[in-house]
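*Asks:* Listed here are the chains, written in short residue letters.
2 protein chains.
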Amino acid sequence: MNPRAPRWLPALPALVWARDYRRDTLLRDALAAVIVTLMLIPQSLAYAQLAGLPPEVGLYASVAPLLVYALLGSSRVLAVGPVAVVSLMTAAAVGEHAAAGSAAYLAVAITLAFLSGLILLAMGLLRLGFIAHFLSHPVISGFITASGLLIAASQLKTLLGVSAGGHNLVEMLAAVWAQRGHIHGLTLAIGASSLAFLFWVRRGLQPLLQRLGLSPRAAELAAKAGPVAAIVGATVFAWAIDAGAHGVKLVGAVPQGLPPLTQPLWDVALWQSLLVPALLISVVGFVESVSVGQTLAAKRRQRIEPDQELVALGGSNLAAAFSGGFPVTGGFARSVVNFDAGAQTPAAGVFTAVGILFASLLLTPALFHLPQATLAATIVVAVLSLVDFGMLRRTWVYAKADFTAVLATLVVTLAAGVESGLVAGVGLSLLLHLWRTSQPHIAEVGQVPGTEHYRNVQRHTVITQPAVLALRMDESLYFANARALEDRINAAVAERPALRHVVLQCSAINDIDASALDSLEAINQRLRDAGLQLHLSEVKGPVMDKLQRSDFLRHLSGRVWLTHHQAACALAAAEG
Amino acid sequence: MNPRAPRWLPALPALVWARDYRRDTLLRDALAAVIVTLMLIPQSLAYAQLAGLPPEVGLYASVAPLLVYALLGSSRVLAVGPVAVVSLMTAAAVGEHAAAGSAAYLAVAITLAFLSGLILLAMGLLRLGFIAHFLSHPVISGFITASGLLIAASQLKTLLGVSAGGHNLVEMLAAVWAQRGHIHGLTLAIGASSLAFLFWVRRGLQPLLQRLGLSPRAAELAAKAGPVAAIVGATVFAWAIDAGAHGVKLVGAVPQGLPPLTQPLWDVALWQSLLVPALLISVVGFVESVSVGQTLAAKRRQRIEPDQELVALGGSNLAAAFSGGFPVTGGFARSVVNFDAGAQTPAAGVFTAVGILFASLLLTPALFHLPQATLAATIVVAVLSLVDFGMLRRTWVYAKADFTAVLATLVVTLAAGVESGLVAGVGLSLLLHLWRTSQPHIAEVGQVPGTEHYRNVQRHTVITQPAVLALRMDESLYFANARALEDRINAAVAERPALRHVVLQCSAINDIDASALDSLEAINQRLRDAGLQLHLSEVKGPVMDKLQRSDFLRHLSGRVWLTHHQAACALAAAEG
Chain A
1 MNPRAPRWLP
11 ALPALVWARD
21 YRRDTLLRDA
31 LAAVIVTLML
41 IPQSLAYAQL
51 AGLPPEVGLY
61 ASVAPLLVYA
71 LLGSSRVLAV
81 GPVAVVSLMT
91 AAAVGEHAAA
101 GSAAYLAVAI
111 TLAFLSGLIL
121 LAMGLLRLGF
131 IAHFLSHPVI
141 SGFITASGLL
151 IAASQLKTLL
161 GVSAGGHNLV
171 EMLAAVWAQR
181 GHIHGLTLAI
191 GASSLAFLFW
201 VRRGLQPLLQ
211 RLGLSPRAAE
221 LAAKAGPVAA
231 IVGATVFAWA
241 IDAGAHGVKL
251 VGAVPQGLPP
261 LTQPLWDVAL
271 WQSLLVPALL
281 ISVVGFVESV
291 SVGQTLAAKR
301 RQRIEPDQEL
311 VALGGSNLAA
321 AFSGGFPVTG
331 GFARSVVNFD
341 AGAQTPAAGV
351 FTAVGILFAS
361 LLLTPALFHL
371 PQATLAATIV
381 VAVLSLVDFG
391 MLRRTWVYAK
401 ADFTAVLATL
411 VVTLAAGVES
421 GLVAGVGLSL
431 LLHLWRTSQP
441 HIAEVGQVPG
451 TEHYRNVQRH
461 TVITQPAVLA
471 LRMDESLYFA
481 NARALEDRIN
491 AAVAERPALR
501 HVVLQCSAIN
511 DIDASALDSL
521 EAINQRLRDA
531 GLQLHLSEVK
541 GPVMDKLQRS
551 DFLRHLSGRV
561 WLTHHQAACA
571 LAAAEG
Chain B
1 MNPRAPRWLP
11 ALPALVWARD
21 YRRDTLLRDA
31 LAAVIVTLML
41 IPQSLAYAQL
51 AGLPPEVGLY
61 ASVAPLLVYA
71 LLGSSRVLAV
81 GPVAVVSLMT
91 AAAVGEHAAA
101 GSAAYLAVAI
111 TLAFLSGLIL
121 LAMGLLRLGF
131 IAHFLSHPVI
141 SGFITASGLL
151 IAASQLKTLL
161 GVSAGGHNLV
171 EMLAAVWAQR
181 GHIHGLTLAI
191 GASSLAFLFW
201 VRRGLQPLLQ
211 RLGLSPRAAE
221 LAAKAGPVAA
231 IVGATVFAWA
241 IDAGAHGVKL
251 VGAVPQGLPP
261 LTQPLWDVAL
271 WQSLLVPALL
281 ISVVGFVESV
291 SVGQTLAAKR
301 RQRIEPDQEL
311 VALGGSNLAA
321 AFSGGFPVTG
331 GFARSVVNFD
341 AGAQTPAAGV
351 FTAVGILFAS
361 LLLTPALFHL
371 PQATLAATIV
381 VAVLSLVDFG
391 MLRRTWVYAK
401 ADFTAVLATL
411 VVTLAAGVES
421 GLVAGVGLSL
431 LLHLWRTSQP
441 HIAEVGQVPG
451 TEHYRNVQRH
461 TVITQPAVLA
471 LRMDESLYFA
481 NARALEDRIN
491 AAVAERPALR
501 HVVLQCSAIN
511 DIDASALDSL
521 EAINQRLRDA
531 GLQLHLSEVK
541 GPVMDKLQRS
551 DFLRHLSGRV
561 WLTHHQAACA
571 LAAAEG
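As you go down the protein sequences, you meet chains A and B in turn. The C-terminal position of the first sequence is numbered 576 in full-length UniProt numbering, with every residue numbered one higher than the one before it. The C-terminal position of the second sequence is numbered 576 in full-length UniProt numbering, with every residue numbered one higher than the one before it.
Next comes chain A alone, as it looks inside the complex (with noise of 0.2 Å):
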């Protein structure tokens, strides 16, 4: 199922799937690439809008990359291509830099693309994959919600035909309200129909085309081409009002022809202070592909390899970068779009890359009356789907130090930006771990009666013995929680007078470093010298050999038990 290259080699999975095509699989390639076409002309033209970016890249940003993701992806059917969040975060990164509609911003959102690539091949060779583990669920999701406002707070002003700008979503508003004077009525009523009927495809047409005698499946893949009949109807409305003399902001003149051949800026500077936004972009990218590629290859019992996924984002983002385009990623509607009408391989991809190419090459003159309200229209019904406050409620539920770190990526994602809002949360998240562990749990422990089992005093009635002191440490000790050990067996020593020996009971200690071999080495002399044993019981393989190439198990006053039961009769025993 999954030879693979040498480790240091790129595979090239497209070497596996490609042996055994046939003629089957060709004909549900196509057909699933006939629809994820169809849904994703529109989105590449209004999310190279969301990016400040002319509609044509949104198209070469569908071509070239979605080739290589072909070639070199591990997933049989992630569709790539421009998202979302990726657009809204090359708005803020390349915003800093040019104008939007200059041709300064296009040449700064290709480099920011080719960073990008390069950063996801470095991690994928590199096999640095586990760098995205560090963007918790719960920032992800504070993320993703914040981010889905601000795109929908952006696209106000296309859909009320004012000027506005904001950095956040206070600036936005306020800016869009600063304007209601302005607003431009047919401009306004193009947006609102189009947003009606776009929700209404959501709602609506499945139940409506399955009563018309189409099957559930048809009904459902055919509603997922509603935002193309959303784009012919507004255009044509537009074309026969003449709507751009009457003020309606259209897309206007796009370029007819292939994607063109550009490269990045070579500037060093500029490399430098794209950085960090690169970074973010790649990882974002990264987990949102991620997620999605396993989610459905574990459907088919398939699997996909990040480290894999991180090469072939890389690719696809050098490919953009070199056929003018912008950042892409695996996106998740999409993908679930290709997975449900029926894809098989990565052809499917290929045969998409042709429609869209088709698509630039043939039909770009008719978008030239293409209302940008209705382009608007699209981003935000696609991206209200996004925004999710059901996690505030269920981690407050759950466990208030994620429920923090929800909010937190949230208020500041809405309030600063979105690379602000990224940075903050993880940092909050990885202090918030640290300050968790740091607090461990240590549980006395003492004989439930008639078992061999030991279990916390204060949960359970329990037979303790006033010469013994059983403790359950909760946590690896490391050097944030080795102290707390310290404290706690040094209060312990100091009320209880008759104490003749300390038990630890280790099966919870995955590890210990060597802070906290410091530790209990203290923790050993300070009762030697106060008469006290020290004893460990139910240690670990790994940690024992850890300790075995320490000097500790010669020092140690009492002994290592294997169980915690057998340390508890012999002490018991012993003192009599």
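Worth double-checking, as some hints may not be accurate.
For identical chains, the list gives no copy identity; a pair is met inside one copy or between any two copies.
As the list claims (entries may be wrong) - Below, in silico cross-link-like pairs of lysine to aspartate or glutamate (DMTMM-like), each with a Cα-Cα straight-line distance of 20 Å or less: (1) K299 with E521; (2) K249 with E495; (3) K546 with E495; (4) K400 with D551; (5) K546 with D242; (6) K249 with D487.
Worth flagging that the hints you see were computed from the coordinates, not collected in a lab. Quick caveat, the model's predicted, so the values are computed rather than measured.
Based on these hints, arrange chain B on the given structure of chain A.
*Replies:* Same frame as chain A, now just chain B:
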């Protein structure tokens, strides 16, 4: 033993020991105070010189802080005052803002003591003592060793009688080397003799005194006062030959009198730039103080309260700031001497303060002819005992992550100074800890024949079932490692078509955060989609409490088993 004030009130431990104060306690405390005073006079002068301050400031810093500590401190024997590492950090921090020797320099040092006092007091009242736990032992060890080397190098110029600067080890050594043509012979002779005498005092004086008939303990204590002999001898010699006239730098005129009433500079911009150094000084001072305090308290089965120690050290530093001193903390060497000399209560500290007060009132004229080179020799001998390269060897053998932390702290401190070294060390050790827990040990377990034990299939000969995958996760499940479990299970499911059940043994899982809960839900869902069941066994009480607050258990495709053996038996029976 340990009556406590309400938790929101700072306790006054002095009320406890003062109640039982008796005549024989008084005599023991007084004797200890005499010895500590003799030790503290040269140290106070030397550490003031190390901090770039006039010698009398060292004496002032050893009066009021001791009185406050005696009132507030929870250790019976801790001796506070200027210490080497904190003095070096003071010099580094204050040197950024004023020229050494200027009035502004002293004012900034006083402000630093004030801020450090406020920080310590706040940490104590807010019970934030755990912050100090994030200084791991490898970081402390690397930092102390590097500081010792830096301090010794900084005294070279004084020992040789040349002018030289430098902010790191290489710069200091290079600056001294560049001045090698200007070495002052008589200064070098005095410095070298002082060094030789002090090293001999450390090694040879105690045996000599024992041969002369003193008891070993008396000989040991008398030897601790050796530096006073060096200072008296060097002063008399320098006076006799009028060394000052021959170009030997002397301490010179030291004001005679009580510690002055001073106050910090009320300058918010200065406070802001001193905040980080003050925080680092506070944490380092607290760690040094609490380590020695705990070690000594445990020897008499007493204990100290870390949060109360913060309050006491905060008060001591505020006292230093208002009485012409600089940052102080509990010193290692002098506390051990105090303990060995038989100090019973903090009253010994009060008597020591009185002794130093007399010295600053009466003794200062006698210090005029004291050569600075002799003070430098005192410092060098004291700090070289801090240098410990053994930690490098021990951590290399014990754990490479800890070794990396020691080495990085050592190198960065030597190359870029004390503050960078600490920050780099703490940051690196946190990252290494996170990295380790993000790469958890996940063992596949099987039944040890004839027992109810389940062990790692790679370490033991065990019985497994083809339809059941039993995994033991040796780490709490949190965001950074949750995906590792997903990957492991995905891989196993893809490789073993016969698999029907996955059982996760949770005995070493001390927490499951919201990300890990999502991962478990995703694993459960994917296994269900592929026709497999997920089971948990041996889930701890606190973790079970948390899971019951979520939906997870309702969606779980398998069961939660009390013991792993029950799960294995039931699944074997079910699969026939």
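*Asks:* Could you check the structure against the hints above and give me the numbers of any it violates, in ascending order?
*Replies:* 2, 3, 5 and 6
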